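There are 2 protein chains.
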Amino acid sequence: MNAAPPKRRSKKVAPPAAEARDANASSLPETAARGRGDKRERILAAAVSTFAQHGFFSTRVSDVAKAAGVADGTIYLYFTSKEDLLLSLFQDRLDKLLAYMKKELGRLPDPKTRLRAVIELQLGLLENQRELAEVITVTLRQSSRLVKENATPLFAAYLDAIATVIQEGQRDGSFRKDVSPFTMARAMYGALDGIALTWVLGKADRGGLKRAAAQIAGVFLRGLEVDPDASEEPTAAP
Amino acid sequence: MNAAPPKRRSKKVAPPAAEARDANASSLPETAARGRGDKRERILAAAVSTFAQHGFFSTRVSDVAKAAGVADGTIYLYFTSKEDLLLSLFQDRLDKLLAYMKKELGRLPDPKTRLRAVIELQLGLLENQRELAEVITVTLRQSSRLVKENATPLFAAYLDAIATVIQEGQRDGSFRKDVSPFTMARAMYGALDGIALTWVLGKADRGGLKRAAAQIAGVFLRGLEVDPDASEEPTAAP
DNA sequence: CGCAACTGAATGACGGTTCATTCAGCCCCC
DNA sequence: GGGGGCTGAATGAACCGTCATTCAGTTGCG
Numbered sequence: 001m002n003a004a005p006p007k008r009r010s011k012k013v014a015p016p017a018a019e020a021r022d023a024n025a026s027s028l029p030e031t032a033a034r035g036r037g038d039k040r041e042r043i044l045a046a047a048v049s050t051f052a053q054h055g056f057f058s059t060r061v062s063d064v065a066k067a068a069g070v071a072d073g074t075i076y077l078y079f080t081s082k083e084d085l086l087l088s089l090f091q092d093r094l095d096k097l098l099a100y101m102k103k104e105l106g107r108l109p110d111p112k113t114r115l116r117a118v119i120e121l122q123l124g125l126l127e128n129q130r131e132l133a134e135v136i137t138v139t140l141r142q143s144s145r146l147v148k149e150n151a152t153p154l155f156a157a158y159l160d161a162i163a164t165v166i167q168e169g170q171r172d173g174s175f176r177k178d179v180s181p182f183t184m185a186r187a188m189y190g191a192l193d194g195i196a197l198t199w200v201l202g203k204a205d206r207g208g209l210k211r212a213a214a215q216i217a218g219v220f221l222r223g224l225e226v227d228p229d230a231s232e233e234p235t236a237a238p
Numbered sequence: 001m002n003a004a005p006p007k008r009r010s011k012k013v014a015p016p017a018a019e020a021r022d023a024n025a026s027s028l029p030e031t032a033a034r035g036r037g038d039k040r041e042r043i044l045a046a047a048v049s050t051f052a053q054h055g056f057f058s059t060r061v062s063d064v065a066k067a068a069g070v071a072d073g074t075i076y077l078y079f080t081s082k083e084d085l086l087l088s089l090f091q092d093r094l095d096k097l098l099a100y101m102k103k104e105l106g107r108l109p110d111p112k113t114r115l116r117a118v119i120e121l122q123l124g125l126l127e128n129q130r131e132l133a134e135v136i137t138v139t140l141r142q143s144s145r146l147v148k149e150n151a152t153p154l155f156a157a158y159l160d161a162i163a164t165v166i167q168e169g170q171r172d173g174s175f176r177k178d179v180s181p182f183t184m185a186r187a188m189y190g191a192l193d194g195i196a197l198t199w200v201l202g203k204a205d206r207g208g209l210k211r212a213a214a215q216i217a218g219v220f221l222r223g224l225e226v227d228p229d230a231s232e233e234p235t236a237a238p
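Just so you know, the protein sequences line up as chains A and B, in that order.
Sequential numbering of the first sequence, starting at 1, is according to the working numbering.
Sequential numbering of the second sequence, starting at 1, is according to the working numbering.
Warning: the hint list may mix true and false statements.
What the hints assert, rightly or not - Using C-beta positions, here's what the derived DEER-type ranges look like:
(1) A:Lys177 - B:Gly73: 41 to 51 Å
(2) B:Arg107 - A:Ser62: 53 to 63 Å
(3) A:Gly208 - B:Asp72: 26 to 36 Å
(4) A:Glu41 - B:Glu149: 27 to 37 Å
(5) B:Asp172 - A:Ala99: 24 to 34 Å
(6) B:Ala156 - A:Lys210: 14 to 24 Å
(7) A:Lys177 - B:Lys112: 55 to 65 Å
What the hints assert, rightly or not - In silico DSSO-like cross-links for lysine-lysine, where the CA-CA straight-line distance does not exceed 27 Å:
(8) B:Lys102 - B:Lys66
(9) A:Lys66 - B:Lys148
(10) B:Lys39 - B:Lys112
(11) B:Lys177 - A:Lys210
(12) B:Lys66 - B:Lys96
(13) B:Lys102 - A:Lys210
(14) A:Lys112 - B:Lys96
(15) A:Lys148 - B:Lys82
(16) A:Lys177 - B:Lys112
(17) A:Lys102 - A:Lys177
(18) B:Lys82 - B:Lys148
(19) A:Lys102 - A:Lys112
(20) A:Lys148 - B:Lys148
(21) A:Lys177 - B:Lys210
(22) A:Lys148 - B:Lys66
(23) B:Lys39 - A:Lys82
(24) B:Lys102 - B:Lys112
(25) A:Lys148 - B:Lys112
(26) B:Lys148 - A:Lys82
To be verified - Which bits of chain A does chain B cover? Going by a derived footprint, with three or more residues having C-beta under 8 Å, they are:
(27) 122-134
(28) 220-227
Think of the hints as simulated: they come from the structure by calculation, not from any bench.
All of these numbers come straight from a predicted model, not from anything done at the bench.
Note that the Cβ used here is the ideal one computed from N, Cα and C, for glycine as well.
Sequences and hints are given; from them, build the entire structure.
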């Protein structure tokens, strides 16, 4: 056990105040205060990139510091530990992603269109924020129990957003009703993630990724269609 | 460069001779050599379990040693390093899995049946050898470049086996031809893996997993059906 | 000045790897 | 057949490099 006294997880964009009592929760300075305040953000940005490149464990705190252009110690002014850095990264980015996603989906009234949008969004995530995507999936799988526990709900929220799209499609008759929206959401995420994994591992150019996503969307959408004539799903009946 | 230092070269049956794992990936030593020779296997077994439970980095070599019931140093008689242990694990298990899979699939002449079998096999892998499955995906995502490079081909072989099933289905007209077998193979793997991820992360009982897999099989199989009326390539038209 | 932000060398723990030592089995000569 | 000597697998405590984290100091703004 590495004696890691469960301190409070730092939050906010609070100015250097180590512990980060998330006391004054009044406003979100956002990207404001460039002059000084962008230090936290710089560190986070450096962290996504470095973690994605080398993995959490192989990344030295000093690597992140260097990439962010700050001193090692500075990181500890904003985050209580390396683990906290990862967790904060997670929280920060997923919050933003989710907000964006919900806003975007709100504009599309048709479930099928939305599902395609989800796939494209996910594709965009993989392409443009591949680093974040990598950190997310990797982290969820192998980091400490603490991280896993804190990160899971955030990730789940993302999946739920996808599930909601499917659920609505089922309600209005766009999609077959004999599958669980949550299951399908996870499967879709996994499928796209699987493609990305191969992409990350080796060859596969961007074009390939895009084409792959289109094919997957095609298969999923057809697979989800309501089948008017077919009897019922052979959903395995033990 | 921590290339395996050319240690001694004792041939023997399989007695300790550190030696980096090398290619003799043909014969299946089986569970033979019981008396003494099961030490390597004991270590490997302990490693899967321990790595899966704590992840590669958080696992101490001494943990594996303890789980295997051997001394720390003994591990270095069979493997050149912790990393080599992981790699050997990979090779050993994937070889066996692949062999088994090919044999099983050979018995089923119908592509659709085979595809279902693949899903079930994968499901079985996740259920009964979840530890192995966890190690595989986690490893592929975050370990060192060295491991990644060596492990990737093995994993690719597994995916290719799946792809072959789809490909054959396309040839004999069971599946639509406008999707890449490889892409679909990866997507299928990913989908099932995504389900497993959720399962690992939290709730979801076994029954749930089985049901989920059945639903996914249903959606994929329908999604892959040849669409008699549909034109040809709805696969995104640039 | 005085305080806050920041720095980066020093610290200490942790854990992979090594290697001197043990000892069970085997060989061979008497 | 027996025991002295040899072999090498197995052991596990110690070694040593590698970081995460700390903190005494520096900087610079008010």
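Open item on the list: Need the list of violated hint numbers for this structure, in ascending order.
Closed with: Of the numbered hints given earlier, those the structure breaks are 1, 3, 5, 7, 8, 10, 13, 14, 23, 25, 27, listed in rising order.
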